[in-house]
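K.L.:
One-letter residues, chain by chain:
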Amino acid sequence: MATAVLDIEFENPPDKITGLERYSRALVLIRLNGRPVGKVFVPVTDGCVWRSEIHEALMSSVDWPFWESLLHSYLKWDEMRRKNFPLPRATVAVCTRDRTEDLKRCIEALIDIVDEGHELVVVDNCPSTDATYRLIQGYRKIRYIREDRAGLNVARNRALRETRYEIVAFCDDDAVADRGWLQALLLNFDDPRVMCVTGLTMPLELETEAQEWFEQYSSFGKGFRRMVFDSSNINPLAAGSRVGAGVNMALRRSVLKCVGPFDEALDAGTPTFSGGDTEMFSRILAYGYRIVYEPAALSWHRHRRTLEELVKTMYGYGVGVYAFWTRSALVEGEFVNVIRAAWNWFFRYQLRHLVRSFLRRPGSVPPEVVLAELKGCAMGPWAYLRSRRALNSRNGKKRVL
Amino acid sequence: MKVTVVIPTHNRSALVVKNVSSLCNQSYSSADFEVIVVADGCMDDTVDALRKLSTPFSLTVVEQPWGGPAVARNRGAALAKGDLLIFLDDDIEPTQTLVEAHVRAHRLKPGHVVIGYCPPVFRGKKGFFSICMLVSWENTFSAMHRIGYRYTYRDLLSGNFSIESALFSRIGGFDPAFWCQEDGELGLRLIKSGIPFFFASDAVGYHHETSDLNRSLKRKYEEGRADVLMGYRHPDVISVLPLCRLRLWLLGYIAYVLVFRWPKTGKVVSFLLKHMLYFMEKLGLRYRWQRILGFLNTYWYWCGVAEELGTEQALEGFLKSGLSKTGSGSEVEIDLVEGLDVVGEKLDMVRPEAVSIYYRGRFVGRIPHEPGAERLGSIHLRSVLAGELAWPFLRAIMVDGVLGGLGYGGKKPFE
Chain A
9 MATAVLDIEF ENPPDKITGL ERYSRALVLI RLNGRPVGKV FVPVTDGCVW
59 RSEIHEALMS SVDWPFWESL LHSYLKWDEM RRKNFPLPRA TVAVCTRDRT
109 EDLKRCIEAL IDIVDEGHEL VVVDNCPSTD ATYRLIQGYR KIRYIREDRA
159 GLNVARNRAL RETRYEIVAF CDDDAVADRG WLQALLLNFD DPRVMCVTGL
209 TMPLELETEA QEWFEQYSSF GKGFRRMVFD SSNINPLAAG SRVGAGVNMA
259 LRRSVLKCVG PFDEALDAGT PTFSGGDTEM FSRILAYGYR IVYEPAALSW
309 HRHRRTLEEL VKTMYGYGVG VYAFWTRSAL VEGEFVNVIR AAWNWFFRYQ
359 LRHLVRSFLR RPGSVPPEVV LAELKGCAMG PWAYLRSRRA LNSRNGKKRV
409 L
Chain B
21 MKVTVVIPTH NRSALVVKNV SSLCNQSYSS ADFEVIVVAD GCMDDTVDAL
71 RKLSTPFSLT VVEQPWGGPA VARNRGAALA KGDLLIFLDD DIEPTQTLVE
121 AHVRAHRLKP GHVVIGYCPP VFRGKKGFFS ICMLVSWENT FSAMHRIGYR
171 YTYRDLLSGN FSIESALFSR IGGFDPAFWC QEDGELGLRL IKSGIPFFFA
221 SDAVGYHHET SDLNRSLKRK YEEGRADVLM GYRHPDVISV LPLCRLRLWL
271 LGYIAYVLVF RWPKTGKVVS FLLKHMLYFM EKLGLRYRWQ RILGFLNTYW
321 YWCGVAEELG TEQALEGFLK SGLSKTGSGS EVEIDLVEGL DVVGEKLDMV
371 RPEAVSIYYR GRFVGRIPHE PGAERLGSIH LRSVLAGELA WPFLRAIMVD
421 GVLGGLGYGG KKPFE
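Protein chains in written order, with our numbering: chain A, 9 to 409; chain B, 21 to 435.
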């Protein structure tokens, strides 16, 4: 049975939550003063979740982020940070392609930021119909940009070039930003070395098994602790596993000048399917800048609902990572590091998941999911070269690299 | 406010012309500031190129025989007519609002020394070396930008800072004996006289970094020499100089042994390692590369120290003279049960050098005395409680139940 996704404020939790007959358990996000501090799983009995159960589960798993949040509210730390650094204005860019149903939910959640002085841009990437255009016509406050060259990274670059403000936050069209998402991201740009901030992404729903598997195997959430990464504490090529994901990130516009644009041969809309965000993270780190993971910047992502879609996503993920490593090896000259990272990933994670899934261990995912990822890895390098060739022939260049 | 911008330069005509040209379109009224360029032993076309410029402000170019940046800046300051001095290096490219930002910061924080922000800019593709330089510069600035940062004398960076002229002459200007770290030495005298620092992140001047590996190693050598001089002038800071701590680190100790006991082997080793850096970079071995560079930097630093002091015995004697001068500083005890605001006010009045923190008589932690660092205030207390002392402080207030009202069920962090 499915898992309900609940969101509870620690200070005044409801006595019980009812109407959960469809679910066997619940994933509860706990907040303290609005800031996410932890998540717990609790059983659902007779369609109800009781306060005491949440409390018990929380207390057995309570961790540093919880105490830190208590302390910071006692010291009024966030107010001090805000006083020290007046929040800059930002552009929020939603890159989309033919997904009006998801997009509508996404922009409904974001529309208020326009009144706070920020800018909201929808980049319509190589649309097959004018449905997105017609949807945006209904919102006067949103800026519409049409980008006819296919590719998520093409759309991201376009957004970076056309933005009105120095900081650009990206939200995927299948995600829903929480209240305060943008503020939480922006607060971290008080450090000039921070080039990128990523946030916590929770599942919007866990209605199907495929969504639960995705959450288990490849969760976007990287915990509830704020982390500051630079090349001294993380291998840039392994950034994808800990830093976060493009579904919920903000960049400085100066990234174009200091680090270079997104690689347009990568990510959705090209033969490489994904990897564009991780590649950018790795370059940011390799060039000496910082990336902050800020769990207070929360967004909710609707995972793929069916197993077929999940398998396809995981295949695309494998292709993307290896395509990105191919680029790192060929363009950035990181041969040795690529081999090290690939070795680590295979022996520390993929092989273990594969064995567990064949043994049908509890909490493991179906073997086809892991196999799809491995198959994707094998195809990654060729996909990158193909994508690069297609890109160059479109731009009228001869050389592949 | 009348402002004087002082720019010392030495044989870098292209850079200094760029600097002065950027000052031409400042948001601050150009009638209200003048620029003095001190050509310090320039053999190139600096003076001619500058005299050809037509500027909306008054531009004075003075020449002097090569005397080092400290002498050049003092000379410029002596000629200044402004109430506020802004010192810029010749490789800084000021943004339009730089002068305005400095003036604003002084209005906001009268009596402070204002340190501007110089993000480094590199030409061409970024190699490991330029990334390394970028990281070390930006780390310096981002540390100063944190709330509750405790400034030290090393934070006074002469590339872009401003000070009231009266204060500058009262403190005696730069010490001409220093050819390197003259800014830190001035910073130390300012800190000792209780002058507060302020980092203005909006006073931006881009720093066109032209250094390379060889120059940077030479700089380390000069820093070693300057630190010894610093120790002679101010024995109380010897205990925070790198030469006091470097031997505790294995690679630092090895470099020390090479320099002082086997200088010939040292030369060979440093030569080989310097060339190994190239291959490390080709292979993309970032971490190894950093370690080797760290070793080379230390090696050259020790060479500078050895140049000044000669023998190991002299070094030991030097360090001892420092330890005898390092006092424990004025320390106060505070009990946080009185409330953070009350305690904070008290700290701001006393401004001690060290603080012992208690909560209801229970020891929480200590902010120790640090020679060459500014005195403590309420802002430092909060940041230490939110950072280094977070755990002990949480434990202390939990026991007291200060946070009990939050309904966390009486659970304590260490149960």
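None of these hints come from the bench; they were simulated from the model.
Treat the hints with care, as some may be off.
Quick list of in silico lysine-lysine cross-link-like pairs, PhoX-like style, CA-CA up to 25 Å [what the hints assert, rightly or not]:
| no. | chain 1 | residue 1 | chain 2 | residue 2 |
| --- | --- | --- | --- | --- |
| 1 | B | LYS101 | B | LYS146 |
| 2 | B | LYS287 | B | LYS240 |
| 3 | B | LYS72 | A | LYS91 |
| 4 | B | LYS240 | B | LYS284 |
| 5 | B | LYS101 | B | LYS38 |
| 6 | A | LYS265 | B | LYS72 |
| 7 | A | LYS91 | B | LYS129 |
| 8 | B | LYS101 | B | LYS22 |
| 9 | B | LYS366 | B | LYS212 |
| 10 | B | LYS302 | B | LYS287 |
| 11 | B | LYS340 | B | LYS146 |
| 12 | B | LYS294 | B | LYS345 |
| 13 | B | LYS238 | B | LYS287 |
| 14 | B | LYS212 | B | LYS345 |
| 15 | B | LYS240 | B | LYS340 |
| 16 | B | LYS22 | B | LYS146 |
| 17 | B | LYS302 | A | LYS265 |
| 18 | B | LYS38 | A | LYS265 |
| 19 | A | LYS84 | B | LYS366 |
| 20 | B | LYS240 | A | LYS84 |
| 21 | B | LYS340 | B | LYS366 |
K.L.:
The structure should be examined with respect to each hint, and the outcome stated for every one.
P.N.:
Against the structure, the hints come out as follows:
no. : hint                : result
1   : B:LYS101 - B:LYS146 : violated, 42 Å
2   : B:LYS287 - B:LYS240 : holds, 15 Å
3   : B:LYS72 - A:LYS91   : violated, 45 Å
4   : B:LYS240 - B:LYS284 : holds, 19 Å
5   : B:LYS101 - B:LYS38  : holds, 24 Å
6   : A:LYS265 - B:LYS72  : violated, 33 Å
7   : A:LYS91 - B:LYS129  : holds, 16 Å
8   : B:LYS101 - B:LYS22  : holds, 8 Å
9   : B:LYS366 - B:LYS212 : holds, 21 Å
10  : B:LYS302 - B:LYS287 : holds, 24 Å
11  : B:LYS340 - B:LYS146 : violated, 43 Å
12  : B:LYS294 - B:LYS345 : violated, 38 Å
13  : B:LYS238 - B:LYS287 : holds, 14 Å
14  : B:LYS212 - B:LYS345 : holds, 15 Å
15  : B:LYS240 - B:LYS340 : holds, 23 Å
16  : B:LYS22 - B:LYS146  : violated, 40 Å
17  : B:LYS302 - A:LYS265 : holds, 24 Å
18  : B:LYS38 - A:LYS265  : holds, 21 Å
19  : A:LYS84 - B:LYS366  : holds, 19 Å
20  : B:LYS240 - A:LYS84  : violated, 42 Å
21  : B:LYS340 - B:LYS366 : violated, 36 Å
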